[in-house]
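Number of protein chains: 2
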Amino acid sequence: MTEEEGHMMHALELAQRGSYLASPNPLVGCVIVKNAKVIGRGWHKKPGTEHAEINALSDVRRKFGTNASEILKGSELYVNLEPCSQKGRTPPCCKSIIKSGIKKIFIASKDPMQKGLEELATNNIEVNLGLLQDKAEELNKGFFSRLNKGRPMITCKLAISMDGGIGLKNGESKWISSLESRSDVHDMRARSDAILTGSGTILKDNPRLTVRLLDKNVSSYSQPLRCVVDSGLKITGNENIFSDNLKTIIFCNSAKKEINTPSNIEIIEKPDKDGLVSLVEVCKYLGKTEINYLLVESGPRLVGALLKEKLIDEFILFIAPKLMGKEKLNFARIERSMNNINLKIQSIDEIGGDIKLLARPQYN
Amino acid sequence: MTEEEGHMMHALELAQRGSYLASPNPLVGCVIVKNAKVIGRGWHKKPGTEHAEINALSDVRRKFGTNASEILKGSELYVNLEPCSQKGRTPPCCKSIIKSGIKKIFIASKDPMQKGLEELATNNIEVNLGLLQDKAEELNKGFFSRLNKGRPMITCKLAISMDGGIGLKNGESKWISSLESRSDVHDMRARSDAILTGSGTILKDNPRLTVRLLDKNVSSYSQPLRCVVDSGLKITGNENIFSDNLKTIIFCNSAKKEINTPSNIEIIEKPDKDGLVSLVEVCKYLGKTEINYLLVESGPRLVGALLKEKLIDEFILFIAPKLMGKEKLNFARIERSMNNINLKIQSIDEIGGDIKLLARPQYN
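Going down the list, the sequences are from chains A and B.
Numbering follows our numbering, with no gaps: position 184 of the first sequence is 184.
Numbering follows our numbering, with no gaps: position 281 of the second sequence is 281.
Source of the hints: derived by calculation from the structure; they are not laboratory data.
Any given hint could turn out to be false.
Said to hold, decoys possible - Only pairs whose alpha carbons sit at most 25 Å apart, straight line, appear in this in silico BS3-like list of lysine-lysine: (1) B:K204 with A:K326; (2) B:K310 with A:K326; (3) B:K326 with A:K157; (4) B:K204 with B:K326; (5) B:K157 with A:K326; (6) A:K326 with B:K46; (7) B:K310 with B:K273; (8) B:K234 with B:K270; (9) A:K344 with B:K46; (10) A:K204 with B:K326; (11) A:K115 with A:K99; (12) A:K356 with B:K344; (13) A:K45 with A:K141; (14) B:K308 with A:K169; (15) B:K234 with A:K356; (16) B:K104 with A:K344; (17) A:K204 with A:K234; (18) A:K63 with A:K95; (19) A:K344 with B:K103; (20) A:K115 with A:K37; (21) B:K356 with A:K356; (22) A:K141 with A:K115; (23) B:K273 with A:K308; (24) A:K308 with A:K204; (25) B:K308 with A:K356; (26) B:K308 with B:K234; (27) A:K157 with B:K344; (28) B:K46 with B:K284; (29) A:K169 with B:K326; (30) A:K356 with A:K308.
Model, not experiment: these values are computed from the prediction.
Please take these sequences and the hints and turn them into a complete structure.
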């Protein structure tokens, strides 16, 4: 690893401190370096608070007091995302960087909404783009998906047996995976902005779809928005998701039917021509409402329908060491025309006696 | 790791040099140590040749010539299996050890067929049993299975999709797993004494079931005995397994039907009361004929029937990153009464883009 890569890795690590709370903003970390030594570090904590670059500059000023301006002159800044050029909830970072005396800036990835590169370059700052770009794009894949595709990054989580079952046809075997795996799912929920499921799952399993089992030392997070695909509005209003005050959206084909909905429940029509819900429109809607990460926790029908629309970016499979046999329910209802979907394995881990597998579909 | 464990590990590593050829004998390695220094090493190569202990003693004599007797006095011997007390194809090892002047012997695991421990102890040798016993039993699990259970260690190899399919119902998709995975299967075949399959697989896929794709630097090995379960003798005699001169056994319920069988094919009746083949009797028969390791490569029917009889000790699953969908064939025909067989994961590896998983069923 070169010295420059080391500093960018440092910035990427700092960025991750914003996990759980930064969304819909991206995770951003920043390191300021003078004569190969780190003189300031910062990261973005949550929307409405200062950006990483401003926090790093403040860190330098806090450490060096009245000498800070002198020390900043000719220094280098490493940041994983292009600094903002427009005023958002906070003043634009580019202006502060230009004023600071920093002479060189390393940026891992562009921000499609900003023109920071041009602004910095025209103000005599040497700009270097693309250092550890892959890692930077991976870190904010949900943010980039929303900006580039107009929809969130969609991860489908499934707990399956070794022969691909999610349960038995008679409804038995509620928990397939281990407690550790289930706790990991709650961590995934806490990192997601929204959870998507189908009315079948709500009616059959009656889940709460909230973050509860957090194992790690996570002090604060937001409960994800719950989204239910319920074409014909089969939900009664008595399910667990109605029993708390957390926000839920029910997507239906037509909202003519009257449901007694408490104020935390919103009903939205996203019809397709077959009397069902248009999943493409649901995902676009969620993109517009600044959802970066959507976690799918559903039955085989919705998983199959999402795959058909190429809407699953990533599977996280918890494979439990069990065989369910011929009475099992398959995890995805995949039509004959879609046979043989190839995936690419990203990582394999062991967790509580289960296998945790991350794999991405390779659509044609 | 203690010094003694280090020497036993060394013996276990030497033992593995007998892989591919030692069977039906166990893999045995031996290290002789004097004043904490290794003075001799040996391992068993193949049936009819010297045992590991004799090879290690010869190694000392070769190295130290006329001083060997003096040096061996008061030395220690490490061996992973109890030395033989009875004359087999070669003279008993215990006698040679006793004569050599060795004063202390570390044995990892007992050999149920021998009385070496008693013979050594009554001849003034300090005997220490059980050092790294688990590793020693794992190394020779097929040998111990045959002696203790009267049948080989049975490993079922399957190449499956991520949703548990072994192919499509219409017969498509011959190769599920990668070339590297398939080459690994040929290595497994070379390490096995016999391969078991069903007539369905022979008739449908017409495999040769021989070792061909060996990737590694394996200079010599034996082709495994091929065994086919064919209750009603559906095999015609024109299949690939009839086309070479390698030995094959066809197990049937009744051999009344005439088949034109070349001399490499043996037909054996192992009837059960339902007009099928008794798998328990097949496995007993293979145990009696000194098969230590049986590799199952078959379709869902035989896998299911073996599971029902608790005859599968281990699954090796090559999980390819593909989804096959609802037209897939499940890998095991498991009846409702056997639902939810639990397995224990032994290891997870990545091979050629596939997952290689070793898991052992935990029968009730």
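Hints, one by one, checked against the model:
Between K204 (chain B) and K326 (chain A) the CA atoms are separated by roughly 22 Å; this keeps the pair inside 25 Å, and the hint holds. Among the hinted pairs, K310 (chain B) with K326 (chain A) is consistent with the structure: their alpha-carbon atoms are about 18 Å apart, no more than 25 Å. Distance hint between K326 (chain B) and K157 (chain A) is fulfilled; the C-alpha atoms sit about 19 Å from each other, no more than 25 Å. As the CA atoms of K204 (chain B) and K326 (chain B) are separated by approximately 21 Å, the hinted pair is consistent with the 25 Å bound.
About 19 Å separates the Cα atoms of K157 (chain B) and K326 (chain A), which keeps this hinted pair within 25 Å; it holds. Of the supplied pair hints, the one linking K326 (chain A) and K46 (chain B) is violated, its CA atoms being roughly 44 Å apart against a limit of 25 Å. Proximity of K310 (chain B) to K273 (chain B) is assessed by CA-CA distance (about 19 Å); at most 25 Å being required, the pair is judged to hold. Restraint check: the Cα-Cα separation between K234 (chain B) and K270 (chain B) comes to about 16 Å, which is no more than 25 Å; the hinted pair holds.
About 43 Å separates the Cα atoms of K344 (chain A) and K46 (chain B), which puts this hinted pair outside 25 Å; it is violated. Straight-line distance between C-alpha atoms of K204 (chain A) and K326 (chain B) comes to about 22 Å, which keeps the hinted pair within the 25 Å bound. Restraint check for K115 (chain A) and K99 (chain A): the C-alpha separation of about 17 Å stays at or below 25 Å, so the hint holds. As the CA atoms of K356 (chain A) and K344 (chain B) are separated by approximately 15 Å, the hinted pair is consistent with the 25 Å bound.
About 18 Å separates the Cα atoms of K45 (chain A) and K141 (chain A), which keeps this hinted pair within 25 Å; it holds. For the proposed pair K308 (chain B) and K169 (chain A), the alpha carbon gap of about 21 Å is at most 25 Å, so the pair holds. With a C-alpha separation of about 43 Å, the suggested pairing of K234 (chain B) with K356 (chain A) is violated against the 25 Å cut-off. Our distance criterion of 25 Å between C-alpha atoms is broken by K104 (chain B) and K344 (chain A), whose separation comes to about 55 Å.
For the proposed pair K204 (chain A) and K234 (chain A), the alpha carbon gap of about 12 Å is at most 25 Å, so the pair holds. With a C-alpha separation of about 22 Å, the suggested pair K63 (chain A) and K95 (chain A) falls inside the 25 Å cut-off, and the hint holds. For a cut-off of 25 Å, the pair hint linking K344 (chain A) to K103 (chain B) is broken: about 58 Å separates their Cα positions. For the hint pairing K115 (chain A) with K37 (chain A), the CA-to-CA distance comes to about 29 Å; that exceeds 25 Å, so the pair is violated.
Between K356 (chain B) and K356 (chain A) the alpha-carbon distance is near 14 Å, which keeps this suggested pair within the 25 Å criterion. With a C-alpha separation of about 20 Å, the suggested pairing of K141 (chain A) with K115 (chain A) holds against the 25 Å cut-off. For a cut-off of 25 Å, the pair hint linking K273 (chain B) to K308 (chain A) is broken: about 49 Å separates their Cα positions. About 24 Å separates the Cα atoms of K308 (chain A) and K204 (chain A), which keeps this hinted pair within 25 Å; it holds.
Between K308 (chain B) and K356 (chain A) the alpha-carbon distance is near 28 Å, which puts this suggested pair outside the 25 Å criterion. The straight-line distance between the Cα atoms of K308 (chain B) and K234 (chain B) is roughly 23 Å, inside the 25 Å bound, and the hint therefore holds. Restraint check for K157 (chain A) and K344 (chain B): the C-alpha separation of about 22 Å stays at or below 25 Å, so the hint holds. Note on K46 (chain B) and K284 (chain B): the hinted pairing holds, with a Cα-Cα distance of about 24 Å set against a maximum of 25 Å.
As the CA atoms of K169 (chain A) and K326 (chain B) are separated by approximately 15 Å, the hinted pair is consistent with the 25 Å bound. With a C-alpha separation of about 24 Å, the suggested pair K356 (chain A) and K308 (chain A) falls inside the 25 Å cut-off, and the hint holds.
In the structure shown, a violation is registered for the earlier hints numbered 6, 9, 15, 16, 19, 20, 23, 25, in ascending order.
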